[in-house]
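K.L.:
Residue numbers (numbering that gives the first Met the number 0), protein chains in the order written: chain A, 0 to 398; chain Y, 0 to 224.
Please keep in mind that the hints were generated in silico from the structure rather than gathered at the bench.
Be aware that one or more of the hints could be misleading.
[Claimed, not checked] Partial selection, computed: residues in chain A whose CB lies under 7 Å from chain Y:
{"no.": "1", "residue": "Arg1"}
{"no.": "2", "residue": "Arg249"}
{"no.": "3", "residue": "Ala297"}
{"no.": "4", "residue": "Glu300"}
{"no.": "5", "residue": "Glu304"}
{"no.": "6", "residue": "Gly312"}
{"no.": "7", "residue": "Ala313"}
{"no.": "8", "residue": "Leu340"}
{"no.": "9", "residue": "Ser343"}
{"no.": "10", "residue": "Ile344"}
{"no.": "11", "residue": "Ala345"}
{"no.": "12", "residue": "Leu350"}
{"no.": "13", "residue": "Pro353"}
{"no.": "14", "residue": "Met388"}
[Unchecked claim] Simulated restraints on C-beta separations:
{"no.": "15", "chain 1": "A", "residue 1": "Leu11", "chain 2": "Y", "residue 2": "Asn174", "range": "54 to 64 Å"}
{"no.": "16", "chain 1": "Y", "residue 1": "Glu116", "chain 2": "A", "residue 2": "Ser299", "range": "33 to 43 Å"}
{"no.": "17", "chain 1": "A", "residue 1": "Ser299", "chain 2": "Y", "residue 2": "Asn200", "range": "45 to 55 Å"}
{"no.": "18", "chain 1": "Y", "residue 1": "Gly26", "chain 2": "A", "residue 2": "Ser299", "range": "54 to 64 Å"}
{"no.": "19", "chain 1": "Y", "residue 1": "Gly223", "chain 2": "A", "residue 2": "Ser14", "range": "51 to 61 Å"}
{"no.": "20", "chain 1": "Y", "residue 1": "Glu15", "chain 2": "A", "residue 2": "Ser299", "range": "41 to 51 Å"}
{"no.": "21", "chain 1": "Y", "residue 1": "Pro95", "chain 2": "A", "residue 2": "Lys349", "range": "22 to 32 Å"}
{"no.": "22", "chain 1": "Y", "residue 1": "Glu116", "chain 2": "A", "residue 2": "Val49", "range": "53 to 63 Å"}
{"no.": "23", "chain 1": "A", "residue 1": "Ile296", "chain 2": "Y", "residue 2": "Arg208", "range": "39 to 49 Å"}
{"no.": "24", "chain 1": "A", "residue 1": "Gly265", "chain 2": "Y", "residue 2": "Pro95", "range": "26 to 36 Å"}
{"no.": "25", "chain 1": "Y", "residue 1": "Gly70", "chain 2": "A", "residue 2": "Ser299", "range": "24 to 34 Å"}
{"no.": "26", "chain 1": "Y", "residue 1": "Glu116", "chain 2": "A", "residue 2": "Phe351", "range": "51 to 61 Å"}
Quick reminder that beta carbons are idealized off the backbone N, C-alpha and C, glycines included.
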Amino acid sequence: MRLADFIRFALLSLSAQRLRTSLTSLGIAVGIAAVILLTSIGEGLHQFVVDEFTQFGTNLISVAPGRTMTHGGSLGAINTSRPISIDDAIALRRAPYVQVTDPMIQGNADVEYNSRSRRITLYGVGHDFLQAMRLSVAVGEFLPPDDPRTARAFVVLGTKVAQELFGGENPLGARIRIGGERYRVIGIMAPKGQILGFDLDDTVFIPVGRALEMFNRDSLMEIHVTYDPTAPLAEVVAGIKHVLTARHGREDFTVTPQQEMLAVFGTVLNAITFAVGTIGAISLLVGGVGILTILTIAVSERTGEIGLLRAIGATRRRILLLFLGEAALLAAIGGMAGLTLGWSIAALIKLFLPALPVHTPWSFAIAAELSAIAVGLIAGVMPARRAAMLDPLEALRSE
Amino acid sequence: MIRLSTIERVFLVGDEEVHALRGVNLGINAGEYLSIMGPSGSGKSSLLNILGLLDRPNSGRYELDGRDVTGLGDDELARVRREKIGFVFQFFHLVPRLTAEQNIELPMVLAGIDPAERRQRLNKLLAEYGLEDRARHRPDQLSGGQCQRVAIARAMSMQPRIILADEPTGNLDRNTGQEVMALLEKLHADGGTLVVVTHDNELGSRAKRRIRIVDGQIVGDDSGT
Ligand SMILES: Nc1ncnc2c1ncn2[C@@H]1O[C@H](COP(=O)(O)OP(=O)(O)OP(=O)(O)O)[C@@H](O)[C@H]1O
Ligand SMILES: [Mg+2]
């Protein structure tokens with residue numbers, strides 16, 4: 000039998016029972032649509048997170064005060080970690096493979112210019128902040144490489160702050176008050192938008208030493224360290240720990256490489272995607288049971304036809320293949336419908352909820368369609384075998 | 000061409016044995032026209048099914064074209080049926096969802112004959128059986144006589160040398176039955192071997208050779224006119 004005839008025969012059988020065919024393939028379609036939709040959202044989220052993180056480069060390490068235990072809570076009562084200081088940041092420059100280090104503290108402060116005042120998020124950082132975070136300045140310059148302990152009172156504005164305080168005016172060289180002290184504006188950042196929930200445009204950057212004084216704090220929030228991307232990460236981390244442990248007397252700080260955070264996010268998202276996939280697999284299973292049921296009914300309804308086919312020369316194998324083909328086709332139709340449905344809903348989500356990232360890789364669609372067909376084939380085996388095992392004469396007499 | 004020797008066919012109904020055929024010996028030459036007649040339950044269909052390789056005897060030997068086909072496997076039997084035998088049934092056995100021409104084409108489709116060749120044979124068969132304007136009708140849109148003509152055309156599509164018909168007119172009125180018989184007889188006139196099972200004495204007596212079967216045994220084999 001030719002392949003084209005084979006497919007046509009299966010199609011004719013399915014189209015002779017339109018209602019039954021559509022209801023049965025609907026089971027598969029719903030499963031596939033659910034899988035495609037949910038994995039699309041999962042994948043979109045994954046991409047979104049990866050994009051957000053890699054904006055800063057992946058060779059970034061964060062060093063923060065306090066020890067977080069990987070297993071079970073913090074050290075609790077004996078959590079008397081020493082502050083992380085600007086000197087620590089300077090010392091870390093000597094750690095192996097390190098490119099730049101930058102001390103950082105973040106807080107809220109009042110910013111005033113003329114009579115306008117705003118309360119905004121402020122970052123105390125060093126000269127290397129720009130390079131560590133891969134940001135850039137639109138006009139003027141970033142904070143100069145002063146000694147961070149005795150830095151001059153300069154400020155760099157985020158675009159939104161510059162716009163709101165100065166309107167059309169040129170802020171460069173202007174003096175503004177931050178937390179009561181006077182700072183000279185030396186630069187404006189290039190617009191960056193929100194990153195992981197922080198609006199980097201609605202902020203100002205001042206030297207870290209001054210920020211510590213303003214907030215009356217003795218510890219940095221974190222030190223950003225960048226390293227040679229070709230260096231082995233474990234050695235870089237070990238080097239940092241070695242330098243800081245020598246200075247603090249014990250390991251009372253936490254070193255978190257960006258890559259590790261990415262990996263954690265990846266694991267979590269993969270777990271979610273897997274869970275969603277399992278739900279989809281269950282609905283596919285239900286769809287498969289539907290195919291099995293319908294095909295079993297079809298075999299008993301078409302017993303006479305099977306007898307006839309055998310009488311006019313079809314082998315058992317041919318009968319088996321014909322019914323398996325119908326099962327696979329039924330599932331493939333359902334799979335296609337499911338893909339279309341899933342995609343349409345994904346497109347609607349994109350239209351009405353642009354913030355929710357949705358991304359359907361082709362490989363997912365193909366894998367979904369293939370699994371639908373596989374489900375069809377598996378569901379078809381039992382009824383198809385029953386059809387093939389029928390005795391031709393008895394099948395003919397059944398009518 | 001066909002040689003049956005001491006064919007036995009026994010069915011088990013419950014724990015009772017029903018002897019459908021008892022020691023049947025029968026030889027049929029190429030191009031013969033036989034009718035098989037006998038009372039109901041005498042074993043006519045059983046004999047025809049064994050001739051058509053749809054059923055296997057419990058014992059005995061069946062030679063077809065000089066080859067012992069008694070012990071052939073399922074697939075091999077299917078191949079012999081496909082190539083050598085055309086069936087015509089009392090209840091037509093058309094596939095309800097297929098059109099007349101798709102039904103006629105079915106054996107050729109299963110045999111993998113290429114579409115151009117199929118089309119050619121199909122057109123010839125449709126013309127021969129007067130079905131041209133019914134080609135795209137489904138069986139439920141055809142009369143009984145038309146259905147049987149479709150079934151005969153289907154049996155002929157693989158150009159078999161043996162045509163086996165089990166009460167081909169059993170479901171038709173007298174006139175239509177005559178027409179159908181005429182078509183079958185034309186196949187015989189063209190050189191085919193024709194075996195017809197019938198209840199109808201008049202139709203049966205049209206055959207050159209008339210077999211009479213009673214209680215699973217051949218009791219008459221009449222080649223006179
Ligand atoms: N599959 C079967 N199982 C059990 N008994 C069977 C089977 N097929 C046939 N028989 C029995 O074998 C005997 C012969 O049956 P067969 O169908 O050959 O008769 P027939 O001559 O064709 O009858 P009719 O003219 O009614 O069609 C009958 O007694 C019948 O009951
Ligand atoms: Mg009978």
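K.L.:
Each of the hints needs a verdict: does it hold here or not?
P.N.:
Comparing the hints with the structure gives:
1. Look at Arg1(A): its Cβ gets to within about 6 Å of chain Y, closer than 7 Å, so that hint holds up.
2. Hint on Arg249(A) is violated. Least Cβ distance to chain Y is approximately 81 Å, over the 7 Å limit.
3. A distance limit of 7 Å between C-beta atoms decides the matter here; for Ala297(A) the minimum to chain Y is near 11 Å, and the interface restraint is violated.
4. Checking Glu300(A) against chain Y: minimum C-beta separation of about 10 Å lies over 7 Å; hint violated.
5. Annotation: Glu304(A) was flagged as interfacial toward chain Y, and the flag holds, the nearest CB pair being 5 Å apart, inside 7 Å.
6. Evaluation of the Gly312(A) hint against chain Y yields a held restraint, the C-beta minimum of about 2 Å falling below 7 Å.
7. Taking 7 Å as the C-beta contact cut-off toward chain Y, the hint placing Ala313(A) at the interface holds, the least distance being around 5 Å.
8. Given hint, Leu340(A) at the interface with chain Y, is violated; its Cβ is 28 Å from that chain's nearest Cβ, farther than 7 Å.
9. At its closest, the beta carbon of Ser343(A) sits 32 Å from a beta carbon of chain Y; the interface hint therefore is violated under the 7 Å criterion.
10. Interface hint at Ile344(A): violated, since its Cβ lies 34 Å from the closest Cβ of chain Y, which is beyond the 7 Å cut-off.
11. The closest approach between the C-beta of Ala345(A) and any C-beta of chain Y is roughly 37 Å, which is over the 7 Å cut-off, so the hint fails.
12. A least Cβ separation of about 42 Å between Leu350(A) and chain Y goes past the 7 Å threshold, and the interface hint is therefore violated.
13. Residue-level restraint check for Pro353(A) is violated (minimum Cβ-Cβ distance to chain Y is 48 Å; threshold 7 Å).
14. Hint on Met388(A) is violated. Least Cβ distance to chain Y is approximately 10 Å, over the 7 Å limit.
15. Between Leu11(A) and Asn174(Y) the Cβ separation comes to about 34 Å, which falls outside the hinted range of 54 to 64 Å.
16. Glu116(Y) and Ser299(A) have their C-beta atoms about 35 Å apart, which keeps the hinted 33 to 43 Å range intact.
17. Taking the beta carbon of each, Ser299(A) and Asn200(Y) are about 39 Å apart, not inside 45 to 55 Å as hinted.
18. Separation of Gly26(Y) from Ser299(A) is about 40 Å and departs from the stated range, judged on CB atoms against 54 to 64 Å.
19. Taken as a hint, the range 51 to 61 Å holds for the pair Gly223(Y) and Ser14(A), whose Cβ atoms sit roughly 55 Å apart.
20. The given range of 41 to 51 Å is broken by Glu15(Y) and Ser299(A), whose C-beta atoms sit roughly 28 Å from each other.
21. Range check, Pro95(Y) to Lys349(A): Cβ separation about 47 Å, and the 22 to 32 Å hint is violated.
22. The supplied range of 53 to 63 Å is met by Glu116(Y) and Val49(A), whose beta-carbon atoms lie about 59 Å from each other.
23. In this structure the hint that Ile296(A) and Arg208(Y) lie 39 to 49 Å apart at CB holds, the actual value being about 46 Å.
24. For Gly265(A) paired with Pro95(Y), a C-beta distance near 56 Å fails the hint of 26 to 36 Å.
25. Distance hint check for Gly70(Y) and Ser299(A): the Cβ-Cβ separation is about 31 Å, which falls inside the suggested range of 24 to 34 Å.
26. As the Cβ distance of Glu116(Y) to Phe351(A) is approximately 57 Å, the hint placing it in 51 to 61 Å holds.
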